[in-house]
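Visitor: In this text, residue positions in the sequence shown follow this note's numbering: the first is 1, and each later residue adds one.
Careful, some of the hints might be misleading.
Unchecked claim - Below, in silico cross-link-like pairs of lysine-lysine (DSSO-like), each with a Cα-Cα straight-line distance of 27 Å or less:
(1) K60 / K73
(2) K73 / K59
(3) K7 / K73
(4) K59 / K70
(5) K70 / K60
(6) K7 / K70
The set of hints was computed from the structure by calculation and includes no laboratory data.
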Amino acid sequence: MKSVRSKLSNVLQEFPAEYDGDLLHERFHVNDLMLARDQLISSRLVIDGIADDFVQLLKKDDCDSLDKCKRIKVDALGVFYTLAMRCVPSLALLEEIREYMAGLEDDDGEIDVPAAATPLTKTVMQQRVLAEEDCTVPHRLDVHSAADFVDPVIRSCLEDLESKHGFLLQGVDCKTWPQVQGAPDYAASSMKALAI
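Full structure from sequences and hints, please.
Guide: Below, the structure written as structure tokens:
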């Protein structure tokens, strides 16, 4: 817990709030840098809060067995891991900015801006992070594996509607669809979720 907080603090110290925005503007969006810094700051604050809560739970009389203490510790570590995974894109952006800034200085200490510096968009950064992490986004949804996440009553209603009217999600206004087709009200929220 202290190591995660100290590593985030070290990264934040490398990127102070005051910087030369003109040099970074040629290749990066300044708002992306500020957003990445703010995300790391908020993650550090959440880690501090979780650590304090963890200590308070251990001091309570409720944590009387070793099993309960281990469960509390596992829960806290799970939240730390989730926070660390959410910070990966921000850390990747800050690392690329750090490497770019290190490459700007030549041997004399003067700054020379490369002519081939092209602006990076957010989608390019996300694609790079996904490629480095070997992540793939599925292009289709397997209905059989997603069927367990839908309420069985809503799923049966959707299957009935599909068998009667076909699959009509494209081009259908979700606000007027239940009144026109005569579908139950509880299916309307599910259809809105599917359409979005």
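Visitor: Just pull the numbers of the violated hints for me, sorted ascending.
Guide: Nothing - there is no hint that the structure violates, so all of them hold.
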